[in-house]
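*Asks:* Each chain, written out:
Protein chains: 2
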Amino acid sequence: MGVNSNRVEDLSSHNNNNNHANYDTTINIQNHQLSNNNNNNNNNNNNNNMSNSYERHHVCLPPKRSTIQKLKNRLSEIFFPENPLHKFKNQTIIKKIILGLQFFFPVFQWGPNYGLNLLRSDLISGLTIASLAIPQGISYAKLANLPPIVGLYSSFVPPLIYSILGSSKHLAVGPVSIASLVMGTMLSEVVSPTQEPILYLKLAFTSTFFAGVFQASLGFLRLGFVIDFLSKATLIGFMAGAAVIVSLQQLKGLLGMVHFTTQMQLIPVLSSVFKYRNEWSWQTILMGFSFLFFLLASRQISARKPKLFWISAAAPLMSVILSTIIVFAVKPTSRQIPIIGYLPKGLNPPSSNMLYFHGTFLALAIKTGIVTGILALTEGIAVGRTFAALNNYQVDGNKEMMAIGLMNMAGSCSSCYVTTGSFSRSAVNYNAGAQTALSNIVMASAVLVTLLFLMPLFHYTPTVILAAIIITAVIGLIDYQAAFRLWKVDKLDFLACMSSFFGVLFLSVPLGLAISVGVSVFKILLHITRPNTTPLGNIPGTQIYQTLGRYKEALRVPSFLVLSIESPIYFANSTYLQERILRWVREEEEHVKANNESSIKYVILDMTSVTSIDTSGIELLGELRKMMERKSLQLVLANPAANVTEKLDKSKVLESFGAQGLYLTVGEAVADITSTWKIQP
Amino acid sequence: MGVNSNRVEDLSSHNNNNNHANYDTTINIQNHQLSNNNNNNNNNNNNNNMSNSYERHHVCLPPKRSTIQKLKNRLSEIFFPENPLHKFKNQTIIKKIILGLQFFFPVFQWGPNYGLNLLRSDLISGLTIASLAIPQGISYAKLANLPPIVGLYSSFVPPLIYSILGSSKHLAVGPVSIASLVMGTMLSEVVSPTQEPILYLKLAFTSTFFAGVFQASLGFLRLGFVIDFLSKATLIGFMAGAAVIVSLQQLKGLLGMVHFTTQMQLIPVLSSVFKYRNEWSWQTILMGFSFLFFLLASRQISARKPKLFWISAAAPLMSVILSTIIVFAVKPTSRQIPIIGYLPKGLNPPSSNMLYFHGTFLALAIKTGIVTGILALTEGIAVGRTFAALNNYQVDGNKEMMAIGLMNMAGSCSSCYVTTGSFSRSAVNYNAGAQTALSNIVMASAVLVTLLFLMPLFHYTPTVILAAIIITAVIGLIDYQAAFRLWKVDKLDFLACMSSFFGVLFLSVPLGLAISVGVSVFKILLHITRPNTTPLGNIPGTQIYQTLGRYKEALRVPSFLVLSIESPIYFANSTYLQERILRWVREEEEHVKANNESSIKYVILDMTSVTSIDTSGIELLGELRKMMERKSLQLVLANPAANVTEKLDKSKVLESFGAQGLYLTVGEAVADITSTWKIQP
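Protein sequences appear in the order of chains P and D.
First residue of the first sequence? That's 39 in this note's numbering, and the numbers climb one at a time after it.
First residue of the second sequence? That's 39 in this note's numbering, and the numbers climb one at a time after it.
Any given hint could turn out to be false.
No distinction is drawn between identical chains; accordingly, a pair holds when it is met within one copy or between any pair of copies.
To be verified - 20 Å max Cα-Cα, derived DMTMM-like pairs, lysine to aspartate or glutamate:
| hint | residue 1 | residue 2 |
| --- | --- | --- |
| 1 | 669 | 635 |
| 2 | 669 | 617 |
| 3 | 125 | 627 |
| 4 | 240 | 227 |
| 5 | 690 | 517 |
| 6 | 383 | 625 |
| 7 | 437 | 234 |
| 8 | 529 | 684 |
Hints listed in this document are in silico derivations from the structure and should not be mistaken for laboratory results.
Using the sequences and the accompanying hints, generate a full structural model.
*Replies:* This is the structure we're talking about:
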């Protein structure tokens with residue numbers, strides 16, 4: 039109390055020196071007080087609940103819970119945000135079984151409602167991607183130094199498994215270029231695929247098995263949130279970069295070239311194109327660009343008139359059939375227009391006996407499995423999320439990881455190597471109008487039929503037509519308008535997008551993604567390390583305190599400095615916050631001196647946005663209070679969050695603030711403190 | 039309006055079905071409205087500023103600024119939080135020059151006020167650490183495969199430079215074990231120190247030069263905030279771990295052993311101790327433990343009776359003198375009590391001609407420089423901050439980096455290798471009562487005198503006494519009580535502390551630090567990835583909305599679900615927040631149905647704590663609005679922060695919310711929306 043009366047004297051002496059403007063504001067507070075009292079009276083007349091409406095409200099500690107309870111609650115928030123079991127509550131056992139099946143096998147969700155209208159789209163898209171999967175399977179298997187037929191096997195079993203377990207509607211499953219390339223590089227560094235083909239094949243299947251185990255366990259352990267670190271901005275850049283790279287790689291087919299780089303970056307691909315200029319074949323180029331023009335035109339038509347969607351959907355398959363017939367009729371030498379050529383017949387043989395669980399190469403197989411597994415997962419889930427976002431449905435990261443993992447585990451036992459959702463084929467699938475995962479079953483069936491009977495029919499399909507189809511599909515995924523919107527709204531998001539784009543283009547897909555995830559995480563950390571602190575003013579006639587400068591009607595309250603801290607307080611920002619708050623106080627004191635106003639007595643920290651604190655933060659508050667005391671200022675906390683209050687209490691810092699240092703709102707703090715001054719008018 | 043009148047009908051039909059409790063709360067809102075109007079009238083009488091006090095306040099966009107202005111403002115907040123130039127404002131030119139000198143050379147801050155009372159402490163502590171610096175310099179130089187005398191040179195020039203530039207009062211500068219060890223390992227992998235000693239020496243000086251350049255540029259670029267990521271919790275663990283390791287390493291001297299591991303981890307050190315048990319010498323052990331007991335006892339006495347502080351301060355130097363006299367008198371063979379022995383005389387020769395700026399080994403020198411530079415900086419600043427925290431002063435990270443960097447650059451030109459603040463010697467310095475950086479000058483002078491004249495006097499100093507001094511110094515830094523407080527207040531901080539402790543103990547100092555920084559950053563990211571969302575209730579008679587459950591008096595407002603989002607919204611949590619908010623809505627609807635209350639019509643998101651948003655977050659809000667609309671709920675935002683409002687506006691999402699979707703406070707939102715219902719009583 040002694041301290042308080044001192045303060046009153048201080049203030050009154052200041053008031054004597056004050057100019058009129060300042061006096062006005064002091065009146066303001068009196069009015070405020072008055073009106074609040076009036077408010078109180080009114081409430082008393084009308085509602086007994088409000089009898090204590092102008093009593094000061096105390097800051098409460100959250101209800102006490104044991105460490106175990108807190109941990110349990112936190113873990114359930116971290117791992118089960120959607121509370122997956124809520125659907126099972128109050129259901130009959132049969133319903134529970136059905137819901138359980140639907141939960142684990144998404145096929146039971148869309149299966150029962152499946153109709154003929156959907157079947158047509160899935161049939162067309164399934165056949166279209168099948169027409170792509172066969173030549174791609176062959177070329178990607180070659181990238182991985184595996185026999186071509188393994189690429190076809192890998193387009194048969196995994197899509198079937200995925201269609202039962204997967205939650206994406208548009209993901210076209212099969213071998214992909216990046217995972218193939220990496221597996222080929224990592225394994226052939228140790229084992230020669232030409233000298234020890236059986237061992238090499240064994241290692242490939244074993245790596246696939248471990249990739250699957252790794253992927254499935256990530257999902258099972260509910261670590262799906264790691265994919266949340268792929269933001270929309272990152273994906274826009276990733277898609278554009280990948281689209282450019284994939285398009286450029288198709289120049290090999292489009293120009294009819296034989297020699298080409300296996301690298302993925304912009305520069306080696308382009309130099310490759312011009313290095314072997316003599317290999318360009320005008321017949322191929324003519325055919326390729328004609329069909330590319332046809333495909334792009336059909337897409338334009340469908341985009342302008344949505345009713346004619348079937349034109350662009352049917353175009354790829356039509357192009358394959360048409361070009362095959364043309365080439366069959368002309369029968370050029372393979373040098374003029376390269377064709378797919380002879381393919382052996384037969385179905386997936388079991389390969390579980392080829393898995394390799396001991397010996398010197400086990401470590402290599404596990405390492406290769408984890409690396410290709412991560413890459414495959416990243417591509418698969420990024421692609422899955424992209425098309426889910428385009429069509430407004432959710433892809434459950436954990437379930438997807440389990441689906442992709444199980445599909446690879448099953449694949450490794452049936453002569454398949456690492457598969458995932460393919461970027462280019464999913465784009466074709468989406469463009470061809472796929473509606474459900476049934477398109478994967480259609481594709482697998484088509485591959486089955488092909489493997490058994492139709493191999494010879496694809497003999498004359500020119501590879502150039504596949505290049506044209508892929509280019510058409512991926513070009514539509516370059517979303518420069520979205521990139522422009524990012525620039526307009528959020529510069530750092532644009533930076534993440536661009537680093538992902540240029541990273542993919544000039545470095546590599548995983549590196550590009552890693553850099554842009556790094557940029558995104560850096561952005562979060564920057565916001566935490568350098569949080570905003572803004573001085574607040576009172577909006578006259580209310581208890582509202584808002585940013586001075588932003589809200590013109592907000593006024594400084596004399597003798598008070600109200601600061602809002604707009605971030606949790608952590609070790610990473612406690613040094614900064616201390617410096618920044620001391621600077622605010624210094625600047626406010628200078629301002630007060632320059633304008634001859636009443637000097638500040640109280641510094642109120644609005645803690646509403648301080649949603650979390652650590653021991654460094656708690657220490658900062660204790661330190662600040664002492665520092666302010668040395669300047670004969672009192673530090674007041676307003677509205678500390680539940681866990682912040684709890685930690686302040688446990689560390690005894692709360693005690694040091696005392697009753698005069700802790701309020702529920704800034705408004706109550708100002709009103710309560712000024713009311714003690716008004717005892718002496 | 040059509041929508042609104044629909045809602046009113048909806049609500050009134052609900053009211054007919056309502057129980058009494060619910061009706062009560064509706065009345066509540068009416069009163070609220072009324073009292074506020076009264077408030078308004080009072081204000082009108084007294085103050086014209088308040089005429090619109092109960093009109094609804096609009097959410098303002100922040101004042102318009104160009105991208106360049108924003109960038110400039112943000113950068114100055116990031117790099118110059120303390121506004122270092124403010125002292126220079128409105129000063130005369132002479133005063134400005136003095137302030138500038140003080141800013142760049144802290145010696146001008148403490149120098150003018152230096153008195154004799156401080157000198158005594160600095161003299162004692164300077165001499166004490168000098169008595170340590172000589173044997174440590176010799177042994178650490180050996181660790182780096184350098185001639186022993188280089189270790190002494192490195193204890194002469196760098197401390198002088200640091201005492202002028204450095205802002206720590208207790209940092210004792212010189213060679214340190216970790217940087218020495220790493221430099222020795224990295225260089226000798228490529229160049230043999232025995233076969234090419236001159237090249238090796240050149241590379242060591244060149245690495246030191248690059249370490250200095252790297253350190254100084256980090257400081258110059260104001261990247262000092264990287265050290266903010268070393269939290270107090272981490273430092274407690276780091277200190278305890280380093281203290282244990284350093285103490286155990288002293289067992290070599292304390293047991294009089296000749297063979298010992300150069301590794302830093304617990305297990306090799308302990309196995310080393312017991313492997314060469316036959317080397318233990320009872321004479322050394324007797325002498326060592328006697329002096330260790332003496333030193334620990336003197337520390338205990340000083341701790342209990344603060345007036346007797348000089349006992350513990352003088353004890354180390356006394357021990358050195360006493361033990362040297364004893365050994366000189368007894369003159370044992372070196373096997374019984376190892377002594378420092380013969381040291382050559384002479385001063386630092388210049389070495390700038392030995393710097394190596396071209397040729398095949400330049401890359402090696404740069405790499406070694408950067409690695410040892412980082413390690414030296416980490417130790418130096420961690421130690422500096424530790425003692426600054428113990429004595430309540432600030433260490434400016436950027437200035438420290440420049441000081442340490444310049445000192446190494448100067449050192450590389452005067453036959454010194456990498457130096458920094460040493461953990462063990464700083465602890466001794468602190469314990470011996472050092473008051474300013476003058477203790478470093480005293481130490482350097484003592485080393486100078488020693489180098490020139492006193493070498494023979496240290497001939498008979500037993501190494502065991504140095505071990506005893508170091509152990510006494512570091513044991514006091516194991517702060518188990520602080521670790522216990524961490525456990526009580528913040529479990530994740532305790533985890534960071536423990537990972538730092540065990541990492542240093544079992545892995546290595548840099549790895550231990552890296553792991554605990556990782557844990558700390560993970561904690562920040564976890565809070566961002568899985569933010570709290572809490573339902574709020576109204577405290578009757580006020581405009582205050584607070585956490586339901588925590589504040590018993592807070593009541594649900596019927597027809598409203600008020601949720602506070604306690605984190606910025608980013609790509610990393612937008613998926614989670616969507617799931618979590620939908621779950622709150624679902625659970626609220628179930629609760630309402632179970633209790634037969636009026637169904638919810640409005641979901642109000644209190645955006646106060648959403649201090650930042652990215653494009654994923656903006657998309658989430660747009661998406662959520664649409665999702666709520668499909669459930670015929672309206673989504674309302676309350677109090678969005680300045681930059682959030684700005685981004686929402688730029689992305690056109692703000693428009694879609696409309697006037698009925700954006701309020702300054704939750705209270706105004708509820709009051710304004712319910713007031714439209716009251717048209718029909």
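*Asks:* Quick check: which numbered hints come out false for this structure?
*Replies:* 6, 7
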